[in-house]
Amino acid sequence: MKEITCRLLVIGAGPGGYVCAVRAGQLGIDTVIVEAGRPGGACLNVGCIPSKALIHAADEYTRAVHLSAGKSRLGITAAKPSLELAKTMAWKDGIVGRLTNGVVALLKKAQVKYVQGRARFLDGKTVEVDTEMGRQVIRAEVIVIATGSTPVELADLPFGGRVISSTEALALKEVPKKLVVVGAGYIGLELGTAFAKLGASVTIVEALSRILPLYDAELVRPVEKRLDTLGVRIITGARVKGLAKADAVAITSTDGKSSTLAADKILVTVGRKPMTDGFGLDAIDLDMDGRAIRVDDKCRTSMRGIYAIGDVTGEPMLAHRASAQGVMVAELVAGEKRAFDRVAIPGVCFTDPEIVSVGLSPEAAKAAGIDVKTGIFPLSANGRAMTLEREDGFVRVVARADNHLVVGIQAVGANLSEMSAAFALALEMGARLEDIAATVHAHPTQSEGFMEAAQRALGAAIHI
Amino acid sequence: MASYDLIVIGTGPGGYVCAIRAAQLGLKTAVVEKRATHGGTCLNVGCIPSKALLHASELYEEASHSFARMGIGIGIGKPKLDLAAMLKFKDEGVDGNVKGVDFLLKKNKVDSHRGTGRITAPGHVEVTAEDGIVTTLDTKAIVIATGSDVARLRGIDIDEKRIVSSTGALALDKVPGKLLVVGAGVIGLELGSVWRRLGSQVTVVEFFDRIVPGIDLDVAKNFQRILAKQGMVFKLASKVTAIDTSGKILKASVEPAAGGTAETIEADVALIAIGRVPYTDGLGLDAVGVKLDDKRRIVTDAHFATNAPGIYAIGDVIAGPMLAHKAEDEGVAVAEIIAGKAGHVNYDVIPNVVYTYPELASVGRTEEDLKAAGTAYNVGKFPFTANGRAKVNMTTDGFVKVLADAKTDRVLGVHILGPDAGNMIAEAAVAMEFGASSEDIARTCHAHPTLTEAVKEAALAVEKRAIHM
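As they're listed, the protein sequences go chains A and D.
What the first sequence shows, in the numbering used here, is residues 1 to 464, in sequence order.
What the second sequence shows, in the numbering used here, is residues 1 to 469, in sequence order.
Incorrect hints may have been included.
[As the list claims (entries may be wrong)] The calculated EDC-like cross-link candidates involving lysine to aspartate or glutamate, where the alpha carbons are at most 20 Å apart (straight line), are: (1) D:Lys78 / D:Glu92; (2) A:Lys71 / D:Glu439; (3) A:Lys80 / D:Asp82; (4) A:Lys125 / A:Asp285; (5) A:Lys337 / D:Glu463; (6) D:Lys99 / A:Glu389; (7) D:Lys341 / A:Asp435; (8) D:Lys229 / D:Asp244; (9) D:Lys235 / D:Asp173; (10) D:Lys99 / A:Asp255; (11) A:Lys71 / D:Asp268; (12) A:Lys71 / A:Asp392; (13) A:Lys80 / D:Glu62; (14) A:Lys225 / A:Asp435; (15) D:Lys28 / D:Asp131; (16) D:Lys99 / A:Glu391; (17) D:Lys464 / A:Glu434; (18) D:Lys464 / A:Asp392; (19) D:Lys88 / A:Glu391; (20) A:Lys373 / A:Asp402; (21) A:Lys71 / D:Asp209; (22) D:Lys229 / D:Asp209; (23) A:Lys71 / D:Asp244; (24) A:Lys80 / D:Asp405; (25) A:Lys71 / D:Asp82; (26) D:Lys161 / D:Asp209; (27) D:Lys341 / A:Glu434; (28) A:Lys87 / D:Asp91; (29) A:Lys80 / D:Glu58; (30) D:Lys341 / D:Asp301; (31) A:Lys113 / A:Asp93; (32) D:Lys88 / A:Asp59; (33) A:Lys71 / D:Asp91; (34) D:Lys178 / D:Asp91; (35) D:Lys464 / A:Glu128; (36) A:Lys337 / D:Glu439; (37) A:Lys337 / D:Asp440; (38) A:Lys109 / D:Glu463; (39) D:Lys78 / A:Glu336.
Quick caveat, the hints were computed from the structure, so don't treat them as lab data.
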């Protein structure tokens, strides 16, 4: 096949890669993108989007169950709902299909050439792709590696059979009766919660002493409470030894006691690792940072003309970070002056209630030697939260004690993921507590909690 | 005789917030409230009870319609409604909120006087309790926060049974078969939505040739289209001239706003929601010479002072949008001014939310405002159909629209028609308080997958560089 030459080649069409390519296309850069799987990457196909679809369906099902149990205080009763998970999955697949087709359409509109197949580096300017039609060589001035990440496997509990990763969990045709989730990070908790709501009996096993170890205990408490209400069993400080029988997992607790947990499915969610295999990375020998490709603040690797963005560059492995890096690299290639110096990359955990964190937590700020003031506003004092029947959770604002510069904002509560943008923008604009406190927030909304938290840090909260 | 630094008349969101802030600043403060409970219109018969019913009716509608596609079957037929239980849920929500205000006032050591307040002279307030006992209070400053009342239509009596105001519409004892809503503003559309979801056939009559006057016209048109698709019927540029209550069914005479042949619309219940008027009855404003404007609003200067010494006014009773959060901010500002600090409200950035489905939230200028002012501007729009979270939530109606100055890129207005718009508008309000450019919003990392990504994309679209469109 005829060689393709182009200005920019992007390897991987996830939220980092395709956004980079679209932006480059907008800027008039001659761009090619290569994808081995389906366009959209892990995020659209087996990550963010399908998991949120499942979570949404599980929430709706729980509501229906709640109504049918005659527990609703709203005066609504309904017949007992039934669930057909295969249909739920088909609905989810429909959405995923629309979004991935959308990505193809966006690339086309931006005049980006899409090549389907697995790419392999030949040298720092050349890549070969195994396409359906044969071997395709692509030469590019600039190459962006956006290959993403894959689930981490446990040596004692390899994937296969009953042992599944998030990918298989999002394609189950039936709700497992007994689900054991290994790893209480955000993926395990999001999926564990969804399956518990759909009727599975869920046990979550975590090696550390508490769930969601990335977040502080105060933030996690409302989630623990809700998990308890949903009947999810949590075992912390326990290590998984392997399969006991075909249908059970053996675990050891911190005090050395062994036990087994019966399981129809075992979902292993102990993290994700940068995807650095299978595309000939050894041919170009880039500097690494542990498992990740080392990059500077412009996402440049150790080789001139090669950039890396997104999960392959390590934590935080978030779609929106990858997209932001992708846009930056496209603009750098177009000759603009850019650097990745985000004050705020919001992290959202779509558990029930949802957790949002932007910037520094009180502990992280203290550890960084910053003297801080914090203001917490509980949603139980928020009118809108009451009318939504969800008073659990709070908004917390962390600011420097000396000049009130906001250095972090965290929140936990139903639907608070949508507050993450306001938090991130406040940090990016260098807001002081007074700025948030003096911005009029619409009544009655949950966002009033943000304003009140800032006011409380100033000793002037009204509703508490 | 009790003597105070500050007496606040009215304990709606403007009044009680003002009193609490004043007490925090060390002023000896009292409130006077005519109602049996604190919280004013907002907590008792406004924002809070309507949101409780909007939430409950939304769940009811959702249970009726949207489960099937997600593989959730729900027995035979539709879910059942126990309206009395739903209204009880609403009342409990109100109760929780007003008790909260009682608690906050007590906690801040604000004295509460129950009865109708009248200003006899600057520095003197007379409170007449329901049993006729009169107490006289002395004070250095007075803040009038008496709010507003339902605007009435000439010749139509509101009996709160068949012809209702928002108050009655929050407490109907059965779902009306046919509901006539007079006025396509916030209140009419929210309560119209509640009853439509619960089973009413709803017709909305509006005097202007558009719904939600004051909202960006392009947004309003799309909003109307979505509401119509849900089954709400609109008769624009029309007025209700009379309602015949003699029969079992109400017969409303509706004619074109410009005049012409009348037609009759039948209804079981008619909701009059043509707006609200400032409430100053019995306050004794004539006696102390407090000036009112032509719309009977109290005239104040930029520091909320009336022309009478030591008398201030805030909230619905003065000029500006009748919104709880505007009143609250004025309450805080006036408390700070009275305490000798520099209180201030930025009227350019007051968000406005309609809690229908989809929600409509806006802050700042509309396209019409900018055209009238001769400001050159750029528009960035992004539809929720292209947002992943909206897709999985099956809530793809609507869009985000960002208006930015053509020369400086400063954000001049943000309008969101879509799910959860009320919470999302906070980002836009903070951005505008900082004088953000559309590029500032566009370059802020927005979490994926959230609806807020649509705000970022709309900001990107201002410079024609949206990614997902």
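Consistency of the hints with the structure:
no.	hint	result
1	D:Lys78 / D:Glu92	26 Å, violated
2	A:Lys71 / D:Glu439	48 Å, violated
3	A:Lys80 / D:Asp82	17 Å, holds
4	A:Lys125 / A:Asp285	13 Å, holds
5	A:Lys337 / D:Glu463	18 Å, holds
6	D:Lys99 / A:Glu389	17 Å, holds
7	D:Lys341 / A:Asp435	17 Å, holds
8	D:Lys229 / D:Asp244	30 Å, violated
9	D:Lys235 / D:Asp173	27 Å, violated
10	D:Lys99 / A:Asp255	49 Å, violated
11	A:Lys71 / D:Asp268	31 Å, violated
12	A:Lys71 / A:Asp392	18 Å, holds
13	A:Lys80 / D:Glu62	15 Å, holds
14	A:Lys225 / A:Asp435	33 Å, violated
15	D:Lys28 / D:Asp131	27 Å, violated
16	D:Lys99 / A:Glu391	16 Å, holds
17	D:Lys464 / A:Glu434	34 Å, violated
18	D:Lys464 / A:Asp392	41 Å, violated
19	D:Lys88 / A:Glu391	18 Å, holds
20	A:Lys373 / A:Asp402	9 Å, holds
21	A:Lys71 / D:Asp209	45 Å, violated
22	D:Lys229 / D:Asp209	19 Å, holds
23	A:Lys71 / D:Asp244	42 Å, violated
24	A:Lys80 / D:Asp405	54 Å, violated
25	A:Lys71 / D:Asp82	13 Å, holds
26	D:Lys161 / D:Asp209	29 Å, violated
27	D:Lys341 / A:Glu434	14 Å, holds
28	A:Lys87 / D:Asp91	39 Å, violated
29	A:Lys80 / D:Glu58	19 Å, holds
30	D:Lys341 / D:Asp301	16 Å, holds
31	A:Lys113 / A:Asp93	25 Å, violated
32	D:Lys88 / A:Asp59	24 Å, violated
33	A:Lys71 / D:Asp91	17 Å, holds
34	D:Lys178 / D:Asp91	24 Å, violated
35	D:Lys464 / A:Glu128	34 Å, violated
36	A:Lys337 / D:Glu439	15 Å, holds
37	A:Lys337 / D:Asp440	16 Å, holds
38	A:Lys109 / D:Glu463	17 Å, holds
39	D:Lys78 / A:Glu336	58 Å, violated
Comparing the model with each earlier hint shows violations of hints 1, 2, 8, 9, 10, 11, 14, 15, 17, 18, 21, 23, 24, 26, 28, 31, 32, 34, 35 and 39; every other hint is respected.
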